[in-house]
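Spelled out, the chains give:
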Amino acid sequence: MSVLKANCPSCAAPIEFQKGSTIVLICPYCRSAVARTDRGLDDLGKVAEIMDSESPLKLGLKGQYKGQRFELTGRAQLRHEMGGVWDEWYATFSNGWVGWLAEAQGRFYLTFYQPLPQGAQVPSFEHLQLGQAVNGIPNQTPLMVTEKGVATSVAADGEIPYKLEPNERSNYADLSGKNNAFGTIDYSMNPPWVFVGNQVTLEEMGLGDARPVKREAQRVSAQGMGCPNCGGPLTLTAPDKAERVTCPYCNSLLDVNQGKLKWLKALKPPPSPPEFVLPIGAEGTFMGDARFKIIGAVVRSVTVDGIKYFWHEYLLYNPMIGFRWLVHSDNHWNFVEPVNPAEVESGQIYGTGATVTYKGKKFKIFQDAPAVVEFVQGEFYWRVEQGETVRAVDFIAPPLVLSQESTKNEVNWSVGVYQTNADIEKAFGVADLPKPWSIAPNQPFTGGFYIKAGFALLGLLFLSAIFTTLIGGFGNVPLNQTITLPPTTSATTPQTIFSQPFELKGNRNVRITANAPVSNSYAEFDVDLINEQNQEIESLFIPIEYYSGTDSDGSWTEGSQTQDATLSSLPAGKYTLRVEGTWQNFQQPISVNVKVEQNVARGVNFCCAFVVLAILPILALIRKFSFESRRWSESMFGSTSGGSDDD
Amino acid sequence: MFKTLFLIFGIGVILLYTMASLFGWEFANAGSRSRLGTPFFYGGGFRGGK
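These protein sequence lines are chains A and B, in that order. Residue numbers for the first sequence follow our numbering, so the first one is -12 and each next one is one higher. Residue numbers for the second sequence follow our numbering, so the first one is 4 and each next one is one higher.
Hints in this document: simulated from the structure, not taken from any laboratory. Quick caveat, the model's predicted, so the values are computed rather than measured. Certain hints may be false.
[Said to hold, decoys possible] Stretches of chain A that chain B covers, calculated by requiring three or more beta carbons in the stretch to come under 8 Å of a beta carbon on chain B:
| hint | region |
| --- | --- |
| 1 | 102 to 113 |
| 2 | 611 to 621 |
[Stated by the list, open to error] Each computed DSS-like pair below joins lysine-lysine, with the alpha-carbon atoms no more than 30 Å apart:
| hint | chain 1 | residue 1 | chain 2 | residue 2 |
| --- | --- | --- | --- | --- |
| 3 | B | K6 | A | K349 |
| 4 | A | K295 | B | K6 |
| 5 | B | K6 | A | K422 |
| 6 | A | K346 | A | K247 |
| 7 | B | K6 | A | K45 |
| 8 | A | K33 | A | K53 |
| 9 | A | K249 | B | K6 |
| 10 | A | K280 | A | K439 |
Quick reminder that beta carbons are idealized off the backbone N, C-alpha and C, glycines included.
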């Protein structure tokens, strides 16, 4: 179809179908949805005005995707059955493509119509199961069902490439795959239409300069649209996305519908007053330099073995990025982001020992229990209710926690990153947050560095030992001589004798070994190493004693006929040994074998270095074992596995 | 800070061990019944001795 100028069948104002792919045009004057058909123009009825949004996109915005230029020519807003609306933008490409650019919670998904191969068909909406892989859709990566629901067309603007019926309800299923693959099955057609594409960033679409509409938070006045229960003024930070807001004055839960507030119920007081340590409206910096505002806070609980455990969750909002969560439990903090379910590889994900893999990292199951909303405060992008219950399963790989929350219609995965108190204090510019009193499921063990670095140093020590042994070679024996000391007059009168001269090399240790055939007696030798060049003397004392016998326990021995002493290296040169001995059987001569060795391999230096280096990593290992034991003692799936790779 | 100090200390220990091995320095005499054992610097090298 081509460009068409006509008059609106409802108000007669001039309208123009500028794009050939346009099926429906929203009359800018009377907001009628005007469809062009073979027979002319049809008035499909009026559509509501687009709700205010801080979307960075707008009609007429031009971008480029995969080398093809496009222009945003139409926009529809669809309502989720569980509350909340999302935008669908229609991108008309210069080569004739039409792309569907969905914008939800700050994320963008660009998809294109994908005809199914001959004979292929997708499962019916009723038979579609969450988590089910949908075969038959031509795509690079398999797609699985992550959500199924009913969408209602609530508003539109510009030119729409399909027959948009105001307030029409249609079934849809969202699919996702690895590498940000995304798809939708639109069941409003028969057979259903399939759209496939990817989650994209504004930069990938050449829209990196697009900025959200800046405006002040919408203030609902007390007179006009204040709390319907108490009249208190309310401020909405994300009025285009808010579905529920609580009144801080009367603790009412209010429904938000296109800026109108409706009283739903009085909130039941929580079991104990929630002490949110961060106030609604506080702003913090995460993900580099992105500023997020706290717009809501929830008290949730799980019941394990009859005991209720509470924690707080803060809903963070940034118009460009969307929603994130900050979880505060036992004074531990986690910054939580959504995860593409298709990126989570899982087999059996429930029960003891279950694991899942996300981005190559293995997560171990830690908790599996129904999580209940106990209390809410602030505004929310879904129809939050007290008592709302989901099945929450946590898997950990410190410092990350991967959480699955499932209902009958939806499975959501999110990943939380452990934050220290200092991180949160810095992010929000606050001080003295209460200190944690336990080990968090995904709290990283901070001593891991000392284990890794300590063992790396020990490895280096081994390498050094091998290297120096190879370089130094094995020992040599400059002297091996047996000398005989003649009899003396008493056991305290020494006899002295000199060895033959011998050469010592430099930079080698020296071991002197004396062997004397004493038996049930002793001999003591003062040995002097005399440097013949400068007459410097290095003295050693080598006592020898050896006793043996038999008693009621059998034979015994004590001492040894051989003893040694070791010296550090001496200056290279010619040396002589002066051996001065006294011995018990002084009336008899005594033969002494004296051996001088160099480059003796001794372990004492190595052992000393090893012990010094091993102290800290061993202490860190002991601490890690205790840390992991305490961590897993809090788990429903108690495991003392200390092998988590947490640094 | 403590991590850096630990690394510096550890590398220092390894360097000292390597130097001792290359230059024949004995940290202490392990000979039994020896009166040696107190390391001291003597002359041109680190020397354990009587």
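Tested hints:
By the rule of at least three residues with a Cβ nearer than 8 Å to a Cβ of chain B, the coverage given for the region 102 to 113 of chain A is violated, with 0 such residues. Given a C-beta distance limit of less than 8 Å, the hint that chain B covers the region 611 to 621 of chain A is violated, as 0 residues qualify and 3 are needed. Distance check on the hinted pair: K6 (chain B) and K349 (chain A) sit about 28 Å apart at the alpha-carbon level, within 30 Å; holds. Restraint check: the Cα-Cα separation between K295 (chain A) and K6 (chain B) comes to about 40 Å, which exceeds 30 Å; the hinted pair is violated.
Taken as a hint, the K6 (chain B) and K422 (chain A) pair is honoured in the structure, with Cα atoms around 24 Å apart against an allowance of 30 Å. A threshold of 30 Å between alpha carbons decides the hint, and for K346 (chain A) with K247 (chain A) the separation of about 43 Å lies outside it, so the pair is violated. Of the pairs offered as hints, the one joining K6 (chain B) and K45 (chain A) is violated, with about 52 Å between alpha carbons and a cut-off of 30 Å exceeded. Our distance criterion of 30 Å between C-alpha atoms is broken by K33 (chain A) and K53 (chain A), whose separation comes to about 36 Å.
Taking the CA atoms of K249 (chain A) and K6 (chain B), the gap is near 58 Å; set against the 30 Å cutoff, the hint is violated. Distance restraint check for K280 (chain A) and K439 (chain A): the Cα-Cα separation of roughly 39 Å exceeds the 30 Å cut-off, and the hinted pair is therefore not satisfied.
The structure shown violates the earlier hints numbered 1, 2, 4, 6, 7, 8, 9 and 10.
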